[in-house]
Each structure stands twice: as structure tokens, then as C-alpha cells.
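Trainee: Sequence:
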Amino acid sequence: MDSGTDSVLFTRRRGEMIFLVLNRPEVHNALSRELLLALDRELALIRDDPGIRAVCITGAGDRSFSAGADIGYLNGASALQVRELALLAVAVTRRIEELGKLTIALINGFALGGGLELAEACMLRIAAREARMGHPEVRIGAVAGWGGTTRLPRLVGRGRAVEMLLTGEVIDAAEALRIGLVNRVVGRDELEREGERLAADILANAPVAVQLTWEAIRRGQDMPLEESVRLGADCFGLAAATDDFRIGTAAFLAKKKPGFQGS
6 MDSGTDSVLF
16 TRRRGEMIFL
26 VLNRPEVHNA
36 LSRELLLALD
46 RELALIRDDP
56 GIRAVCITGA
66 GDRSFSAGAD
76 IGYLNGASAL
86 QVRELALLAV
96 AVTRRIEELG
106 KLTIALINGF
116 ALGGGLELAE
126 ACMLRIAARE
136 ARMGHPEVRI
146 GAVAGWGGTT
156 RLPRLVGRGR
166 AVEMLLTGEV
176 IDAAEALRIG
186 LVNRVVGRDE
196 LEREGERLAA
206 DILANAPVAV
216 QLTWEAIRRG
226 QDMPLEESVR
236 LGADCFGLAA
246 ATDDFRIGTA
256 AFLAKKKPGF
266 QGS
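Numbered continuously in the working numbering, the sequence shown closes out at residue 268.
In case anyone wonders, no lab produced these hints; they're calculated from the structure. Computed from a predicted model, the values in this text were never measured in an experiment.
In silico lysine to any residue, SDA-like type, Cα no more than 20 Å apart, as pairs:
hint, residue 1, residue 2
1, 262, 214
2, 260, 210
3, 262, 209
4, 106, 206
5, 106, 129
FRET-style restraints, in silico, Cβ to Cβ:
hint, residue 1, residue 2, range
6, 192, 258, 38 to 44 Å
7, 162, 50, 31 to 37 Å
8, 95, 162, 21 to 27 Å
All C-beta atoms in this analysis are idealised placements derived from N, C-alpha and C, irrespective of residue type, glycine included.
Please build the complete structure, drawing on both the sequences and the hints.
Mentor: Written out as C-alpha cells, the structure is:
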């Protein structure tokens, strides 16, 4: 069932998957305070809905995923207002990262500045061939302060991230795939279907194991090597306490397909 939530954000539900569509195409889906608040409200509802297991975020229209922060607002805002907007955006991206659901950004066009930071917070990113991505903040006297200076280096490596962040370079989808910023590149008409296929592949696995794997990746990247490895072992132990662990290992031994129960 398709349904609207706010004028700046629409949702489309398909079984266990929900699509969140940034809906300001007239300004390249720029991230206003209103849009960030609408996104935050919807994510809070999704977090508490056990019937939703996957979230795809994309932009309305065929030109932009999101061009980032609303520059018109920034130009007239005080330094305190700019910081408050940044803190709201940081909270939203953190909510995406800690949602406890599979999150995939479907980058259908330009993903710049805060728009790319939104995509970087997702577990996975799929881009249309026509998509363009970058952090051009320095070109307008700003900083990638919504998480870009933290997440981009972790996705593509420090050297390439420093170059992108300091030059404001905008790259195409092929280069984004080469450096690991996106996971897949497809035709624009295939973007949603590819998101559904990728989600289906992941959701076919044991749900608790998928969630624990993401936790080990997300939390482990901030830890020293020894602690990160120990976290992975702890997550392995937690997974072994689930019914799905017994189901999965028994199915492997019997050379059968497991029927995971999510517990």
C-alpha cells in the first residue's frame, strides 16, 4: 500500500519493505528542517514496527537523491541556527545507522553534501548510472558537518576521502563503485527492483545474525583491533543462543534450505 505522510516525505510500503521518498524535487530534495523532522518521525515509527524489516531511502523525481542542506536557509541563518540544523541532521543519520533494520540508499541522481551524508549512514548504497556524488561543502565555505568527515573515510579510505572533502570533487557512479562508496550501479529504471533484490537476499538470512553482524561492523570500527575482534566473538556467541543458529547449522548438515524463524 502506498501512503503519504508529510508533503515533504512520502512512504510506500511493500510487504516487509518500506520506501521513504524525499519529496522536494523543485529544490533537488534539499534537506530542510521540516524534511529532517518528517524523516525522523517516520524512522521512529519504523523502528517500533516489527512488520518492517527493510528501509529504502530515495528522492522524488529523476534528477536528485538530495542536493544536501537548503542553501537558501543557510545563507540567511545565524551560526547558532546552522549548528542546530546540523545537530538535527546528525541525530537523523544516527537514527538510520542504529535503526535495527536493513537500510539501503537508492541514489537516483545527485547526492551532494548532506544528501550524501544521509546515504552514507545507510548500510548499503545502490546508484543509478546517471548519479553524481560528492562533498562540495568547502566550495561554499562550509564543512561536511553532518557526518561526512567521519563516515566517508570509513567507507572509501582516508586518502580518497580527504581528497574529496578538501577539493569538493563530485564523482560519477562508476568512480563511486570503484572506490567502494556505493555497492552496485544499475540503470535508473532498475534502481527500485535492484534494491528489492538486494534486500530479499539479505532478509533470507537469519534476522538476528544479520543484525548482530551489522552491530559488530558498526561498533567495531571505533574500537582498537583486539576489542573489535572480541566484539565479533561476543556477537558470534549471542547468535549461537538463537533458535535460528540451531536451524541453520542443522539445515547445513542435512543439505537443506533453512527455515529461519527470527528467534
